[in-house]
Structures are given as structure tokens and as C-alpha cells.
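Protein chains: 2
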Amino acid sequence: MNSRNSDRRDCIYSCTKKMLKVPEHQVAGHIASDGKLGPLVDDQGRFFKPLQGDSRGEHEAKFYESFTSNKKVPDHIHRYFPVYHGTQLVEASDGSGKLPHLVLDDVVSGYANPSVMDVKIGSRTWYPDVSEEYFKKCIKKDRQTTTVSLGFRVSGFKIFDHQESSFWRAEKKLVLGYNADGARLALRKFVSSNSPADSNLTPNCAFASEVYGGCNGILAQLLELKDWFETQTLYHFNSCSILMIYENESILMKGGDDAPAPRAQVKLVDFAHVLDGNGVIDHNFLGGLCSFIKFIKDILQSVEKHDETDTSLLENGR
Amino acid sequence: MNSRNSDRRDCIYSCTKKMLKVPEHQVAGHIASDGKLGPLVDDQGRFFKPLQGDSRGEHEAKFYESFTSNKKVPDHIHRYFPVYHGTQLVEASDGSGKLPHLVLDDVVSGYANPSVMDVKIGSRTWYPDVSEEYFKKCIKKDRQTTTVSLGFRVSGFKIFDHQESSFWRAEKKLVLGYNADGARLALRKFVSSNSPADSNLTPNCAFASEVYGGCNGILAQLLELKDWFETQTLYHFNSCSILMIYENESILMKGGDDAPAPRAQVKLVDFAHVLDGNGVIDHNFLGGLCSFIKFIKDILQSVEKHDETDTSLLENGR
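For the protein sequence lines, the chains are A and B, in the order given.
Going by the working numbering, the first sequence opens with residue 1020, and the numbers climb by one from there.
Going by the working numbering, the second sequence opens with residue 1020, and the numbers climb by one from there.
It is possible that part of the hints are untrue.
Each pair may be met inside one copy or between any two copies, as identical chains are not told apart.
In silico DMTMM-like links for lysine to aspartate or glutamate, alpha-carbon gap of 20 Å or less [what the hints assert, rightly or not]:
| no. | residue 1 | residue 2 |
| --- | --- | --- |
| 1 | Lys1160 | Glu1243 |
| 2 | Lys1316 | Glu1249 |
| 3 | Lys1091 | Asp1317 |
| 4 | Lys1160 | Asp1148 |
| 5 | Lys1286 | Asp1161 |
| 6 | Lys1192 | Glu1327 |
By construction, these hints were calculated from the structure, which means they are not laboratory data.
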């Protein structure tokens, strides 16, 4: 940890000569395009997130500093968080000159064509002691989306359409207008192989068992996080997101020599509103996480049932 | 179930000649005293709760009808709910004549001197589709109390003070003003044998292991409920309370022939705001329940640590 700390100090507020570009696989949050301020990536697998104004950026940097060196957090939990490499002055995406950025591992680097979904966890995004203005802004959106009703909301997602060899991206307006059925459908669509662009097709959940299921799949990872959240009182992860990432080609090419490993992964991101837990568990995150887990379990169960029906039809010679 | 259903029909809107009185052990909610409308009990172990106006009473009756006959609810979960015997017209406590009342088993009957605590579970008491007026009223109180911060709030409690042979009752104003430390202290005090009236005394948690701990204790019961809440999507228990009931004399008299069984018990009560789950788990209740469980676990752990220290002092011959 010491050598990493000293690395980090060395690069804080230094500058970089690397070529940075707009990330291809970001599905929610501020996006650096058309001269706006947003995160950037380099070709070495680093993700540069500009420190947000009004102290939120500083707050997020402080969280990463605390979390990275926190020995009370078990190793198997650390791997659900992006690795942090300090802050660095880099040329901002909006052309406003050099600004401090968080330097993180780019969680999608290493994937050729990652399908990605961002799910904001919790039945509220506000928390005690926020300003009335912030409270009102948050609770309005929490009630309009599924945050209150489901304890989570899908913030955005993209799927690699292997038939078209291109990415399909869910429309932000539609995503934020989901009700419970909409969220359920999105979670099914995210692991389906039939054309995502055609909204008349029923998602076939072709990748569900391999992405959501299995001993290293999304569900297993979510359950590991849940175990930790049942007892951890270190941090309250207000307004954080779970990213789900997988590579559908790796499943389709399975058995082929060049097939990459599927590596369905869960990562937690966005820590501008993390607070000290002060001896209390993060019941807001935990409740939402359990609700999200139930949605994933339901999809797996429906897929298994479907498989059983297929098998019994075969067994009956039909 | 059939014979009970027919019993229930027989007594709906019939009248009773039994002597009803104000319950001695109620610690929260509307209380029937000084001519106000509130629940009554008879000497046969029945609890009569007047149907609240503005359809809430009807709603609670409908919940009991649905729940009682719901075969999807496992038997071991049914026992955490008061047994329901239909509704009945009885003389109201406010002298307004005969009014319909829910007829329930009185959950404290059978206890000589029960200590009782009422804990409202959830990080919000409002829910989607309530009126703006109700939403504003609820969220104000949720933010003023520990509902938002802890995911539960203590609504009231009373302890049998065996030294004084009388009940000590926590002051409602103080209880609703608790912060996290206040709630923690109340949960310690609830299972302590030193004088509850003296706020300078540190609660000794003398009954903690036997009331909260053990394979039939409060914690074990809460964990059983938690298991169910992780998957049940039948009901959303908005604004419900957990009652904790135990008899401290039964612990003190342990070993004596006349000692009653301790029977530390958890019961869920207050269902005027229960809604259909519609395939979604009750993440609001579950999150709060997990937070409450952590508080109980922390107390048990502190008591065990204390016991270990005592033992090692003894072992060291001091």
C-alpha cells in the first residue's frame, strides 16, 4: 500500500502527455462529448474522471483515499471497486484547460465489445442533512423513477448487437421512465441475443444463465456484496451505482480457441455522496440491493423453468 | 380454516356482552383513555381494535382476511402475526356507541408483567401513490425521527421494574426525539435489570442474552422474518411495527417451580397501510429490519465480550 501511496502522491496535480479520448462504453452520468466536461480514458486502461465542482469531486477523491487504504474492508470486497491511482491534472474534455481528475482503472478495458448496464441502488438518493434544494430535486426524481418503488433504477445500458456488429444503446428518456415491468424487461433484454433494436421482440434471455447465473456470475457477485452490506457500518453509499459488464461474444464463441473469457462483472461506481456509516449499516443500499437480487433471481428461475420444459418435451419424444 | 371462517362470519357485526377494558400494556398508537377512541381487551385474551376512519380500518381488516387465508405464507411466518377473529360491533371506548372493531388475539395475554417495545420498521412510512398531504406529514416525521437514518424508529416501550414491582414507561416525547445513540440506549435499557427510571444508570443488559440471544430469542425470530422478507413479494408492510415482548420475572425466577417460560416474542402489528407486493420484495421493510438486527447483534456481542472479560478475570484468579 505504501508504494502505491507514494505513486499516488507523485502524480497528484502533475500532468500527462498521454492521448485521452471520450470513453466508448459509458452509459450514464456526465458524458464528455460536444465539448462538455466528462470522463476520459487513455489506451493504457485508465479512466480519468474530472473532479465535480461544489466539493463533490473532492469528496469522491477522499472516499477513494479512505477506501483504498481501509484494512477493515476485506480483499474480496475491494475487487468490486475500481482501482484508484490518485488524482492528476489533465486537459479537460470541455477545453477549459487542465483540471484535476480522479485516475481509476477503466473497468471495461480488456473487453472487446462489452455490454454495460448502470443501476443506481437505493430507495432514495438524498440523505440526512442535505440542503432542502438538493432533497427536493432528489426526491422528485426518486418518485418519478423506480427508485422509491423498486429500491433501484436503471440509469442506462448498452448491448453489443452481434448480428449488426454494433452497439445498441437504450434511450435515456425511456430508461428513466421505466416502471417495474420496464425495469424487468430491460434486465431481460440486457442478456438476450435477439435484436435489441426491435422492441416488438420478446427478449430471449439467451445469455442469462451464463451472465447472471453460475458460481462466478452476476448473482453470485451480488450475493457476496449483500453479505458484506448486512454487517458493514463503515460507509453509506448514497446515490452509488452498480455496473454490470459482460462480453456476449465470448459466450457465443465458447469453445473456440480465440474466445475471450466471459468475465461477467459487477463494479460499484460513483462515490460523490458516500458518508461515514457511524456504526449503522447502509440499509438504504442493502434494501435496494436485495430487491435487485430478487429481479435477477426471477429471471434465472424463469429461464430454468423454460429449459426444464424444453427438456421434458424432448424426453417425451415430442 | 373453514371452521374459523364460519366463526368469523358469525361474529361480524354481532355484539358482545363481555366486559371490555383499556389495555394495560399498549405502548404506542391511539390509546383509549380519558374518553378517547382506542383498542380494548377482554379477559379472554382478545384485543378489540376500532376500525380507523378514512378507510384505513377497512383496509386493515381486508389485510387480515387476505393474510389469514393466504396459503403462500408459511406456517412459521403466520405465528409472527396476531391471530384474527373477524370484526365485531362493540361499545367504543369514547362512548360513541357500538362501532366495528377488529378482533385479534391479545399478544400480551398470558404474560404476568410483560415488558413491551414497539419499533416501527422502514426508512419511510409513506409509499407510492399517497396524497401529497399524507406524504408531507410522513416524510417530516421520518426525517425528524430515526426512520430515515436508521431504517426504524422506537415508537414506545415499557419495562417491568421488578424492584419497584411496577411498570416504567418511556416518555413518548423523548422516544420520538431519539437519535442513533438514543435508540441504541433504549434497546439496551429494554433488557436491563437496573432501575429504568434512573437515567444516570448505565443499562446493565442483564436480560440481553436470554431475551435477544438463544435459539428461540428475539434475534433468532428476527432472522427468520428476514429470510422470508428476502423473497416474499406478497405484501408491502408500510408503516408496520415489530412488537418485542418478554417477561423479566420469568428469567429472574429461573429454576423455581412457578417460573413461567420466558417466551421472548416478536409480533408484527398495524396493517392499515399494507399494499400488494406485485412481484417486488418489501425492500423498505427488509432494509430497516436488517439495520434493526444489526443493533440487536451489536448488543449481544458487547454482552458476550463483557462475559468473556469476566470469565478471564475469574480464570486469572482475580
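Cross-check of the supplied hints:
Taking the shortest Cα distances, Lys1160 and Glu1243 never come within 20 Å of each other, neither inside one copy (29 Å) nor across copies (34 Å). For a Cα distance limit of 20 Å, the shortest separation of Lys1316 from Glu1249 qualifies both inside one copy, at 19 Å, and across copies, at 11 Å. Taking identical chains as interchangeable, the C-alpha atoms of Lys1091 and Asp1317 lie at most 20 Å apart only when they sit on different chains, with a minimum of 17 Å there against 33 Å within one chain. Taking the closest pair of Cα atoms, Lys1160 and Asp1148 come within 20 Å of each other both inside a single copy (18 Å) and across two copies (15 Å).
Proximity of Lys1286 and Asp1161 under a CA criterion of 20 Å is satisfied in neither setting, with 22 Å inside one chain copy and 31 Å between copies. In this homomeric assembly, Lys1192 and Glu1327 never come within 20 Å of each other (Cα to Cα): the closest approach is 37 Å inside a single copy and 58 Å across copies.
Violation of the numbered hints given earlier is confined to hints 1, 5, 6; the remaining hints are satisfied by the structure.
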